[in-house]
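These protein sequence lines map, in sequence, to chains A and B. Quick note on the UniProt record's numbering: the first sequence kicks off at 1 and runs consecutively. Quick note on the UniProt record's numbering: the second sequence kicks off at 1 and runs consecutively.
In case anyone wonders, no lab produced these hints; they're calculated from the structure. There's no promise every hint is true.
[Said to hold, decoys possible] In silico SDA-like cross-links for lysine to any residue, where the CA-CA straight-line distance does not exceed 25 Å:
#1 A/LYS24 to A/GLN54
#2 A/LYS67 to B/ARG505
#3 A/LYS67 to B/LEU562
[Claimed, not checked] So, partial list: chain A residues that the calculated Cβ filter (under 7 Å) puts toward chain B:
#4 GLY22
#5 LYS24
#6 LEU25
#7 ARG53
Think of the CB as a built atom: it goes at the ideal place given N, C-alpha and C, for glycine as much as any other residue.
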Amino acid sequence: MATPRRPYPRTRLRRIIKAHSGMKLSKNADVLIYLNYTMFMNALVREAAIHARQAGERSFTPRNIMKALPVCYFACLF
Amino acid sequence: MSEYYQLNYQLNNDPDNYLLEFHPSGPSFNHYRRELRRIQNENKPPYAETENGLSEDDSTPEPYSPPSTSPSPPSSVATMDLEIMDMGRDVDETPVHTPVQRRARSLEPSISRLSMNTPNERYRQNPHYPHSSINTPAPPTPHAMAARRALEDRRMAMFTPGRTRRQSLREQRETPMLILRNLGRALAPTSKAIDSSSSPEKPSPNGIGNRGASGSARSAGRRNSDDDDELPIDRPRLSLPIDEGSSDDLQPPHSSILDDPSNITVQSVELPRRATSEGPPRRSFGYLGDSDVTPWDDIYGNDDTNPDPFAYPPGIAPHAPTDPEIADLQFPPGVGRESDFSLDMPSGLSDNEQTTTFYMRSPVVDTVEAVPEDEDASSSSSDSDDVPLMEGRQSEKDRLLEQATEPEEQQGEQPLEQPSELLDVGFPDLGDFEHVPDLGDAEMDALTRYDPETFAQDPVRPGDEWIGYPPGRPRKRRREDDESSRAAEAEAEAQAQAHAQAEARAQAQARARARAQAQAQVRVSAHNIQYPPVTNLFVRQVVQHAAQNSALGHQRLAADALETFSRASEWFFRQLGDDLRAYAGHARRSMVEERDLVALMHRQRVINAEQSLFHLASHNLPRELQQLLRSNNPGYQPAYPVAQQSGIQLQQPLVNAQSETVTGLRPFVPNPPSPSHAGEKRKRDEDDDGESDNESLVFPEDDDY
């Protein structure tokens, strides 16, 4: 039986957050972390697409993403 | 023609018959038409009266076409009225009044269809269902009317193919150019050519026309040497004649404001300037050739033998330049100040090329300021905003000196100065330095050993790829350098390029290997805990999902973009870990819980009054994860403003969630904690923090995701 498609690498995400926070994670916190990460990526992609369109490029370039990144940080975290 | 006469005949004899033939239904038109006809006939000019007697003119053809003999000249008021009345008629009917010149216009159907159709016809309804909208056409909106008009126009254009033929050709016959040409032809045998007012100069060896004064005074020897073997091209005249004695009494214009001794405020007049970098390269001094010939007398006309008032720049002239001593003081012949206004050749032409393309260049500096005697004095006494100008002047002087010393190497040398400046300009983004600690020792060494001078002088140096930089721009610059040096030396360049390509390939491989190693390597966080990196596959999946969410469609992700995305997500996770640690530490917990995340998302403005957590989850998470969020019950309340450790009860979060989703309340509005659970400590699962939750999860996990 084929395993269902995993939405995200759960253990890896938990390990990353645990390493960065230095704390343990409760049982389903990683779902919310994944949700938060999805939201962040949404914002990042949106901003990067705006920058890419302004620069006249068809797909993302690292420059666009780097330009969009502080905006997303500020939009998300402040 | 015959039709026309017949029409006239019928009009004169029996208008009623004629009109009734075309209007059997309505005599209301006829009445007015008849009246107008009558008025028209009464006001007819006398030559038209002779026309109306048809008999004698019938046999002899008219020298002119009928429009000129029309009973209604098209400019008369009566014709206008008739035309207006014609517009009210149907298109298919022949209009009564048809001036032949205007037939095309009067046949244009513009409003006729609409006005002819009765409302009953137009809005005919289904008789069985009188109020139904089945057979009722749409009411005539302006767009519909315009479309219908366009259709009719096209149809009429189809039916009258000769519309363009009927246009009057008078404009084409009588253009002003034609009139002038005819005049010229008429006057040609009697008139004489006007003598030129320019100076009767000696003809040049080729017998070509006049030469400009500056050119004549400038380089007599070179002209004699060069012009003999030149193509016989007409030389343009560069200036007005200056060697005629008649212009001696003309004083050069100068401003009276500056001469006024009581004038204190206006010391100088500022003329428009141009940045030295904008204009063409100032090669005037080099172009003017021999250094012993001072070009100022040519250009400014300071020579008392050649006072040329028109050679001044189009502005306000310097003070009293007619005095030769002052002129000598101002422009000492040894210094040879660069010109502000000169004849220039477009860049790209070498000096000894004599071409006919010159252009006048406007002065860069205002010449009203007294020009100091020395360059140093000028740079010291100049204003602060003149400093870049002076620097430009100075640098230009240096460049001219360089040109004087090695004139043929200037083309190859100029681009070599640029890369050191471009290095400062094109500084990379701040985020790119994140990559630097990831570099190996050798790469860091290469970065620190980097020298701009060597970069400038050896553009084909292959090894220096900037590692942390965005890969587009520095590489492009290196390619420019390659081109510039390729112009200088081709074969060594090719060899070096092959070498560079090989090395670049090797470097790319090495970089790919280093990247793979960096992927494989276990990273260590700030808390000294190892953690795996985010997989590229996961990042790509999330990015593409986000792109689809934000209506960008499916986007191809380049490798470098994906790399940047994963780097960004790594920073994000680092920041997230720090924040979660701060939240949990603030609550004196040693475990990050869901409420910390909820609080964080509130702070991030991801969750607000309009968008609850469950709303977000239902939009962004797959269903099984939503179920996880729902069934597992962390009481998704943030830890503030009231400590709600009592929200453990199984039903309560569900109730909370439903009430939030239904009423859209602000989620962190504190629900009154039930007093029965107020003092209860939260019982924590023992296995929820370790890796042991793998088997309890829905999704089996392996690290090579």
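Okay, the hints, checked on the actual structure:
{"no.": "1", "hint": "A/LYS24 to A/GLN54", "verdict": "violated, 43 Å"}
{"no.": "2", "hint": "A/LYS67 to B/ARG505", "verdict": "violated, 29 Å"}
{"no.": "3", "hint": "A/LYS67 to B/LEU562", "verdict": "holds, 15 Å"}
{"no.": "4", "hint": "GLY22", "verdict": "holds, 3 Å"}
{"no.": "5", "hint": "LYS24", "verdict": "holds, 3 Å"}
{"no.": "6", "hint": "LEU25", "verdict": "holds, 5 Å"}
{"no.": "7", "hint": "ARG53", "verdict": "violated, 10 Å"}
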